[in-house]
Amino acid sequence: MIVNDSPAPSVGHAAATPQPSPRMAKKRFLHDAAEHVRDTGHRAFVRKALSGYYASRDLQKARFRDWEHARDAASLAKWSAVNRLDELLPRFVAAFEANGGQVHWARDAEEARKIVLDLVLAVRAKAIIKSKCMTSEEIHLNAALEADGYGVVESDLGEFIQQLRGEPPYHFVFPCMHVRRDEISDLFGKHLGTAPTDSPEELTMIARRHMRRLYVDADVGITGANFLVAETGQISITENEGNARLTAALPRVHIAISGIEKVVEHLDDLAVLLPMLATAGAGQPMTCYNTLYAGPRRPGEADGPEEMHLVLLDNSRTAILADPEQRDSLHCIRCGACLNVCPIFKNVGGFTYGTTYQGPIGSVITPHLRGLADWNHLSAASSLCGACTDACPVRIDIAHHLLHNRRNAARTAPNAWERMGHRLFAMVARRPWLFGLGGAIFRRTLPLLKALRPPLLRDWLASRDLPAAPRQSFRRQWDRRQPQQPAAPREGRA
Amino acid sequence: MSGQTEMSAREVILARIREALRTPAPLPHGLSADSQPQESQPHQRTAVTTSGASTAGITGTHTPSGLPTLTVLPEEVARPWLPDGGETPAERLQLLVENLGKLRAIVQRVPDLTAASDYLFTIARERDWQRVAWHPHPLVEPLLAGVPCATYRVDAADFDKNALESCDAGITSCEALVAQTGSILVSSATSGGRALSILPHVHVVVAACDQIVATLADALHSAQARHDGHLPSMLSFITGPSRTGDIERILVLGAHGPKELILILVG
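Taken in order, these protein sequences are the chains called A and B. For the first sequence, the numbering used here gives the first residue as 11, with consecutive numbering after it. For the second sequence, the numbering used here gives the first residue as 52, with consecutive numbering after it.
Heads up, some of the hints might be wrong.
Have a look at the derived ranges for each label pair, beta carbon to beta carbon [unchecked claim]:
id	chain 1	residue 1	chain 2	residue 2	range
1	A	Glu211	B	Asp209	34 to 44 Å
2	A	Leu413	B	Val123	50 to 60 Å
3	A	Arg222	B	His278	26 to 36 Å
4	B	Val123	A	Ala157	19 to 29 Å
5	A	Asp196	B	Glu216	23 to 33 Å
6	A	Asp475	B	Thr74	12 to 22 Å
Straight-line C-alpha distance at most 30 Å; calculated DSSO-like pairs for lysine-lysine [stated by the list, open to error]:
id	chain 1	residue 1	chain 2	residue 2
7	A	Lys36	A	Lys58
8	A	Lys58	B	Lys212
9	A	Lys71	B	Lys310
10	B	Lys310	A	Lys200
11	A	Lys356	A	Lys37
12	A	Lys71	B	Lys212
13	B	Lys153	B	Lys310
14	A	Lys356	A	Lys71
15	A	Lys37	A	Lys460
16	A	Lys136	B	Lys212
17	A	Lys36	A	Lys460
18	A	Lys200	A	Lys37
19	B	Lys153	A	Lys58
20	B	Lys212	B	Lys310
21	A	Lys136	A	Lys124
Please keep in mind that the hints were generated in silico from the structure rather than gathered at the bench. Here the structure is a predicted model, which is why all the values come from computation and not from measurement. The C-beta atom is built at its ideal place from N, Cα and C for all residues, glycine as well.
My request is simple: use the sequences and hints to build the entire structure.
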């Protein structure tokens, strides 16, 4: 591992625009990927940031008496809930409403934004505080609130830093893992007028002091939700900093935004899912605060919001649900483990994806959310090493879903050149004499090809070299190395 | 926002869900059903077993739609596989103290409430607290008599968030202590509402040794039993002092919640 002494060059901000125009998505991906892959400082910085995660994750996994079987149970809990969403979602809603919460249904991002804007208008919100919520990133809520003149502050430290930088999250669990401390110090100096420091602790305390009054003064708190418990009508929120707890405690109105797929049936399911989410996501036994909210403040309770609203968002989740093959991608608990182990993520970085959900799981679900034709290139950006499948605590077979997306893309919009190429190869490979002839020609002309750099080889040779061609074909060499065995029938040589 | 559009969004989404689920999905990766559903016996019991043959199977019943419905909760199945919560009270106590130590929480065992009160006096002096917040509870109230500073009593009738914000520490009771993870389960009903355990810079929890349970599920069950099914509006597992790793993945304690978590364990 390279120790990153020299400062990592800053990541290209052009890549950070939330939603590139669809036709541009692939071009931009290829451009940004090439740029980031060459940026060895950035790569070393991200790897170093993740090295502590690997160690603590393994330590926490070892505390499970059987991590692999616990994954089975977690996967089953999500499977049985997602496959009975028709029954469990109405059950959750009834229980949540019985607890005094109000439910709002949103078919798409626009409807969800309108619901939230109407709610903040109705309560005449002056200040809005927000805790980390990826569904709000998905629907671009902050931009909509700001366009209507509302001030909204991200309270999660990483999200706050990203908000000040004017960037979306780099990683959906570790939003600013690509930012160096000196950049954060400069950022705080510029926006908050604080003195420079290179201590992460002091930087954290600056944000803590800045945010305290905002929690007390805000009249609306917006949060996400990690689980919706059908049996009890509670929403579960997972966090480490305490900002979500404060956001749901002090403002007069609490608005939570959640995808419809977050339902689990039993409260007890959380006894399995919460420690697994923390272990896989951050290498912790449990995250610091795992909180269940059942409606607004009750009579006799000291504090809490007067109103609690929940926005239930579809936004193409039902399209994933309608695909039995990839339905299990709705089991995702957004732990981010698949990003942390992905060789592609670690090399191209979070912004290159151009999506709300980065990494392998983002590559699986984004084509469903935004269209396969424009986003299937993400599924090609995979080494198919299967590290994501192994890392997933709810056993989503992510690596195969990437293959499914490739297959679906090939079916819906076949590439004529690719098909011709495969046909040509099949024709050659079926005829041993032709295969041998092709090999012989290739071996002899390889130095010439390397010198001429024809279009197909040019991209490959841009950052790689080809070894010198052997003098004899593999088949010839194989035959020569066989011990002399008279009359042994050889099979399968063709 | 008209009620009419909301009704229709609800109906549209539920119709999409019903339509989507008409085609059943295969069992999760790595799991297999022992037998296929038979149309003549839609409620035939079917064992869904995990990939490990030696372990207890996950059993389910096929519904008419052909999906196994679980007859055993995932938590019951997973219990032997999750981190250990201890068999005996002594083991649970040891695990709890160990886990809290790793989380950088402070644990102080005291024989009785008088000793607890003395300890609170000491830490209030050491940290030079000017004002501490508390809520009425049989384990909390007796400790307040001797604190060497001003106090603020959190009250449902007259809650003042500005007053609470100015306090150095919040003192609360809890629902349960979890040996398995070192978590402290608090609730809006038994910990003075939502803010007392999160807003002040230090959170002091006073608990009795018999509040220690083995697992997260046991803690949830104890809360359900205590509140007779009517759960408080907030239940929160607190696992160590507030923390963040957002700056270069370096751990810092006290992001927005308490920088210090102190458990006074009585008995």
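Quiz item: Hint by hint, which ones does the structure fall short of?
Solution: Checked against the structure, the hints that fail are numbers 2, 4, 6, 8, 12, 18, while the rest are satisfied.
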